[in-house]
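*Asks:* Residues in the sequence shown are numbered consecutively from 2, following the working numbering.
Don't take each hint at face value.
The calculated lysine to any residue pairs, modelled on SDA-like cross-linking and capped at a C-alpha distance of 20 Å, are [what the hints assert, rightly or not]: (1) Lys338 with Asp348; (2) Lys149 with Gly280; (3) Lys338 with Gly280; (4) Lys149 with Thr226; (5) Lys338 with Leu242; (6) Lys149 with Val45; (7) Lys149 with Gly201; (8) Lys338 with Asn302; (9) Lys149 with Thr178; (10) Lys149 with Asn244; (11) Lys338 with Asn306; (12) Lys149 with Pro200; (13) Lys149 with Leu242; (14) Lys149 with Thr179; (15) Lys149 with Thr277; (16) Lys149 with Gln290; (17) Lys149 with Thr183; (18) Lys149 with Ala289.
I should point out that these hints are in silico values taken from the structure, not numbers from a laboratory.
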Amino acid sequence: MRIASLAAISGLLLSAFIAYAQCDSWRPVTGFASTNGGVTEIIVIDPDDTGPIAPRLLVAGSFTAAGSVAANRLAIFDPQTRVWSPVGSGLNGGVSEVLHLSGDDYLLGGSFTSAGGVTANRIARVNIATGVFSPIVNLDGGVTTLTKTDNDTVYVGGTFQRVNNQVARDVIRLNPTTGAWTNLNFPYGAIVRSLVAVPGGDVIAGGSFTFNQNYFARFVAATQTWIPVRSIGEIFEMIPLSNGQVGVAGNFLGYVARFDPATNLFASFTSGVNWTQGGPAATVNALAQSGDDLLVGGYFNILTNPNRPANGLARFSLNNPSSQAIASGVVVSNADKYPNALASLPDGRLFVGGTFDFATTRSTGPFIEVNTVTGEYPLISTRPLAWRTGVASPEITSVFRYANGDYGIAGAFDVTNTALMRGVVRYSPANNTWTTLGNGLSISSGSPGVDAIELADGRTLVAGSLSVPNASIFGMAVFNPATQTWTYPGITFADGSFSPVVLRRLADDTIIVAGRSVTLASGTTLSGILRFNPVTNTWATLGSASSVNALATLPNGDLIVSGDFTTIGGVSAARIARYSFATNSWSAFGGGANARVQVIYTLPDGDLIFAGSFTALGTGASAIVAPNAATFDVQANTWRVGLAQSSGVTAVMSLANGADGNIYASAVFRQGFSSSNRIARFNPVTHQFQQLTSDSFSSSNNRVYTSPQGIFVTGTLSSALAGSIVVSPGIAEFVPPTITQQPDDAFDVCRRTTVTLSVATSAPVDTYEWQVFQPNGFWISADAFTYTDEGIPQFSMTGGTTNQFAISTRATMFGNRPYRFRCIITSPCGNLVTREVSVTAPTCDCVDFNNDGIFPQDTDASDFIDVLAGSSCPTCNDIDFNNNGVYSEDQDIIDFFNVLAGGACG
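Modelling step: build the complete structure from the supplied sequences, incorporating the hints.
*Replies:* See below:
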């Protein structure tokens with residue numbers, strides 16, 4: 002007879018307060034897929050030329066971030082997916098030149114002294130597939146140019162004077178594999194800006210050196226000597242052309258020319274470029290070939306002969322004298338804001354890198370794509386939400402969701418003090434694009450800011466401390482996406498340094514406006530809770546009130562208001578009130594609260610969570626303890642207060658539903674918790690708060706909002722969360738961890754076998770706990786569970802606190818009932834629970850009767866017959882094949898051969 006005994010059963014209680022290590026699930030919300038610093042080189046990576054593998058771009062410069070990833074001076078950009086990837090740990094200084102060697106190997110030159118964490122003075126080799134950097138030689142000055150000949154001989158030029166502490170000026174020949182180098186005795190001094198290998202193995206050098214004031218020289222490979230070549234001016238850049246000539250840019254008439262190495266002669270184009278707005282003279286710093294065109298980038302604003310606008314980008318035909326501007330160019334604002342790297346893909350797309358900030362009127366950052374046919378700028382993305390001059394921090398006070406899934410972000414921010422992305426932006430998570438709303442809005446800093454919502458017709462309404470850029474102050478603005486224009490209902494809000502404007506759209510598409518009194522264009526002032534019709538532009542007053550912080554609606558349409566008021570519409574109501582549209586009347590709600598109610602959060606079932614700095618609800622003898630948060634059951638008309646003990650916080654500023662289904666909060670924690678960590682996960686049952694991570698936010702003005710993959714966090718954030726993730730100063734996104742590998746969901750196992758359940762997550766893990774479900778409805782730790790047959794354990798489990806959980810069965814297994822397992826995972830970013838796994842053993846034993854791991858086979862049948870006849874088999878199962886407790890019997894024989902043949906047991 003089999004007897005099952007269980008260890009003591011207890012419920013699992015996870016601590017509400019867990020001190021976590023730093024979480025790595027933060028990502029920037031910057032609209033920022035460009036680089037955060039200058040770009041000096043763009044190389045096309047196309048391993049199969051015209052084959053099916055899409056080309057990528059190797060981008061180098063002075064940046065430390067590309068898109069949302071940390072990338073020190075070197076990164077790979079995929080033009081198809083718009084995704085950036087770092088190359089190893091990068092370099093500690095600028096990269097000015099990149100040369101493809103072979104396969105995944107590239108040679109880098111610049112001003113860096115460390116590459117991949119190892120010493121590498123100004124030159125290094127990198128494998129972009131592995132991210133491994135290799136030092137080659139030590140240079141005492143920067144590298145400005147690299148080239149290689151048809152036989153893969155590499156030449157290096159720059160401002161160095163010594164190589165491996167030996168004299169070698171400006172130009173050397175280098176074996177990047179062995180590190181062997183040759184001093185070429187470059188005689189001309191100054192700066193070598195560009196080297197180009199030409200057919201036959203010779204090398205052309207151009208720059209600011211002066212050999213008879215020619216700025217140009219040729220290294221003759223046959224004689225290993227330098228000869229001067231008559232130049233037309235100082236040289237800034239050169240590239241080899243497909244026709245054997247060399248494209249040349251420099252400080253000479255027109256700034257762009259061609260050099261024929263067969264004749265040692267220059268040829269000008271019939272037109273050139275120039276700068277006409279004062280200041281330094283024009284420069285051309287970037288060249289690239291696209292088909293029969295020479296593409297040009299630099300510091301210029303016109304094409305000459307005849308004069309035509311061309312902002313920093315132009316195209317010169319190699320087959321005829323024509324030239325034209327490329328699109329509308331980039332905003333070349335001064336002598337250090339211009340393109341200096343170009344790369345053209347086989348499909349004609351052009352990528353431009355430099356130090357500029359804008360393409361036409363679009364804020365872009367220093368890396369853009371240009372459609373050279375249509376003149377469009379496909380949006381890689383915008384620059385981050387930047388601090389305005391004189392503003393302590395960007396103040397984002399509203400994040401809302403459009404009906405199509407886009408997000409609106411509003412607050413006191415702009416981009417480099419321009420109107421290009423000011424006050425309000427729209428983010429599409431589907432396309433990873435950011436767009437401005439017209440010319441934006443100027444929103445006052447140091448105030449409660451603004452609130453914003455989408456209207457029923459798709460327009461965007463913004464209300465609060467705002468004004469039209471460079472115009473009069475207004476309190477409300479409406480943006481029409483069809484016309485890309487703002488209109489202004491003509492109202493202003495009374496000064497309220499501590500009173501935010503709060504908006505709520507009702508079912509009839511009218512808008513509740515609360516928080517501050519409104520002065521209409523007619524001069525009439527309205528106070529309290531107001532109702533605005535955005536179609537008719539009319540206003541109505543629902544009742545007087547001050548210090549309103551939050552609005553919500555009940556399933557029947559009634560309005561719920563909370564804040565710091567004690568009366569509303571002439572009715573006593575301690576910080577929570579209800580307005581009935583059916584009776585047009587106010588009433589107190591839930592007995593009120595003893596301190597400010599900052600937040601109202603609506604649960605999916607219609608119940609409401611109220612949170613703030615209160616500690617009790619109701620008054621007098623009916624008051625109940627409710628520390629900082631409570632849930633109002635709308636159907637039962639009662640409060641639920643959870644543990645009714647300390648919540649762990651002193652004030653709750655906001656609540657939001659995360660993409661993972663959890664509720665998140667921004668709060669100020671009590672003593673004993675991390676004072677700088679103000680973001681928490683909220684338990685709606687216990688009403689307690691679990692600090693999310695140890696990351697620092699440093700102020701009490703943080704807010705949380707639902708985001709595409711988690712929650713948006715706004716306020717004064719640290720500049721780098723989780724160490725390497727660069728974030729905007731005003732907003733970041735927290736992405737909760739996910740289970741990336743679930744255990745298989747069901748097993749049918751033989752006796753005396755082992756089943757392994759595996760799990761993996763997207764976040765670092767603190768603990769694993771595998772659990773088993775009991776018939777009484779409790780989950781208990783698998784380590785505390787046993788199953789015995791006449792006192793003998795029938796299976797064992799190992800790895801109950803690891804991601805690899807093994808169940809080894811013995812003679813009887815589970816008596817044919819399934820057992821359910823799951824794993825509880827704690828991580829710095831939150832807790833996870835795997836799906837349940839059902840493990841079942843069939844009523845009959847496995848047909849591998851002799852347990853040799855091979856079945857079905859004849860020896861299983863013969864061993865079964867032998868044991869049935871009384872023979873000994875130490876490795877075999879017992880003869881009660883169908884586990885009915887009766888043996889030996891004919892049914893065991895029938896069941897064995899039936900299962901052996903593929904049938905069912907019994």
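*Asks:* The structure should be examined with respect to each hint, and the outcome stated for every one.
*Replies:* To see whether the hints hold, each was checked on the structure:
no. : hint               : verdict
1   : Lys338 with Asp348 : violated (28 Å)
2   : Lys149 with Gly280 : violated (37 Å)
3   : Lys338 with Gly280 : holds (13 Å)
4   : Lys149 with Thr226 : holds (17 Å)
5   : Lys338 with Leu242 : violated (27 Å)
6   : Lys149 with Val45  : holds (17 Å)
7   : Lys149 with Gly201 : holds (12 Å)
8   : Lys338 with Asn302 : holds (12 Å)
9   : Lys149 with Thr178 : holds (14 Å)
10  : Lys149 with Asn244 : holds (17 Å)
11  : Lys338 with Asn306 : violated (25 Å)
12  : Lys149 with Pro200 : holds (11 Å)
13  : Lys149 with Leu242 : holds (14 Å)
14  : Lys149 with Thr179 : holds (16 Å)
15  : Lys149 with Thr277 : violated (37 Å)
16  : Lys149 with Gln290 : holds (18 Å)
17  : Lys149 with Thr183 : holds (14 Å)
18  : Lys149 with Ala289 : holds (17 Å)
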